[in-house]
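There are 2 protein chains.
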Amino acid sequence: MVRIKRRGLMLVLSSPSGAGKTTISRALLAETDDLTMSVSATTRRPRANEVDGVDYFFVDEVKFGLMINRQELFEYAKVFDHYYGTPKEPVVEALREGRDVLFDIDWQGTQQLAQRAREDLVRIFILPPSMKELRRRLESRASDSAAIVDGRMGKANNEISHWAEYDYIIINNDIEESLNKVRSILAAERLKRERQIGLVEFVKGLTDGH
Amino acid sequence: MVRIKRRGLMLVLSSPSGAGKTTISRALLAETDDLTMSVSATTRRPRANEVDGVDYFFVDEVKFGLMINRQELFEYAKVFDHYYGTPKEPVVEALREGRDVLFDIDWQGTQQLAQRAREDLVRIFILPPSMKELRRRLESRASDSAAIVDGRMGKANNEISHWAEYDYIIINNDIEESLNKVRSILAAERLKRERQIGLVEFVKGLTDGH
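As given, the protein sequences belong to chains A and B, one line each in that order. Residue numbers for the first sequence follow the working numbering, beginning at 1 and rising by one. Residue numbers for the second sequence follow the working numbering, beginning at 1 and rising by one.
Rather than coming from a laboratory, the hints here were simulated on the basis of the structure. Note that CB positions come from ideal geometry on N, CA and C, so glycine has one too. Please note that a few of the clues may not be correct.
For the chain B half of the interface with chain A, some residues (derived, Cβ under 10 Å), not all of them [what the hints assert, rightly or not]: (1) L95; (2) W163; (3) N173; (4) I175; (5) L179; (6) F202.
Which chain B residues face chain A? A few, computed with CB under 7 Å, are given here [to be verified]: (7) V2; (8) Q112; (9) M153.
To be clear about the criterion: a stretch of chain A counts as covered by chain B if any three or more of its residues have a C-beta under 8 Å from a C-beta of chain B, and this derived list gives those stretches [to be verified]: (10) 4–10; (11) 97–103; (12) 128–134; (13) 168–179; (14) 185–198.
Throw the hints in and build the complete structure from the sequences for me.
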């Protein structure tokens, strides 16, 4: 059984809230070897049960400013009162070791990643089959008020308007079918010639007569 | 269930003889909707059981010359005394109708296709796990003499030297595992944004509030 050294990739899943991204991410992470979730840095305070370094890297504003200045972040954004960003170093290390990193980020974060790491980036956008179905899914989350649902529907239109900035598009008719599609994309991208960096040596050994 | 109009793709499988390409092609064709084998034109005479338009388009030398001249071939080559080539028109029609076409061609044909249809082309190269294993597989074909096996091993080295001209590389450790990898590549490539030409209209309808 031949195993080839490979370079990891950055898998971005974006979608409007309610289109199925979180369900797909969780299932994919649970079943896939060599795939970890990117952990963001944030200036917001930890909630109960949130663990530093697992859910987020919790830092203060000064530290966040230093990270921006030292170019230690792949991308960052201010959302309401707090900053969120992707620390570079854990991602760079994962890619070098042949592990893939999953990003649950919006179109703005994806644009910034594309400027800094285009070759390593695989961008998937998940669309709902209809806005009516998206609303139904958002409303079925018992915890959210009508106002929150309305707000999310408004943001969904904006998010969807960036669909053409992605490499792959999945319409989430059925969650299991969509998960299968994401699985195929990840499997295929791992087989790309340029990611299988050990192939040069392998083919040399092959044709040298070993 | 939303179905999006898509543009077909040209799937090239290349490998040295004995690396598993034919087995994988047959299995893939048997199980996959909207995938047909490209039928080559040739000047060689039909063998018993070969059907014109199914196994090959059998044409004479003059007709083949005219096809070259009218640019009706995607690629062609002379192998020993006979010409072989890929007629353009059935491929162009398939792609337009959203059907994929499978090509079992060597590196020279692949190079020519890449010059003429880069955007539609998905190139997979299948490598044997070792030359020893390749020889074992060739020898296990009871019908082939030692001289034929030696000839094929010689040609294998030449074919393999072009591995880096392909988009995806599969090392065929196990035929079922390799078939799965080809399935994933085809599924992923069908999900590429630019092949799903109906998406522009779909997203327009989505955000117009239908």
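Quick rundown of the hints versus the structure:
1. L95: violated (19 Å)
2. W163: Holds, because the Cβ-Cβ distance from W163(B) to chain A comes to roughly 6 Å (cut-off 10 Å).
3. N173: Holds: closest Cβ of chain A sits about 5 Å from N173(B), inside 10 Å.
4. I175: violated (14 Å)
5. L179: Nearest chain A Cβ about 12 Å off; hint violated.
6. F202: holds (8 Å)
7. V2: It holds, given that the least Cβ distance between V2(B) and chain A is near 5 Å, below 7 Å.
8. Q112: violated (19 Å)
9. M153: M153(B) check fails; min Cβ-Cβ to chain A is 11 Å, beyond 7 Å.
10. 4–10: violated (count 1)
11. 97–103: violated (count 0)
12. 128–134: This one holds; 4 residues, not fewer than the three required, reach chain B with a Cβ under 8 Å.
13. 168–179: It holds: at least three residues are needed, and the region 168–179 of chain A offers 5 whose Cβ sits within less than 8 Å of chain B.
14. 185–198: Since 8 is at least three, the answer is holds.
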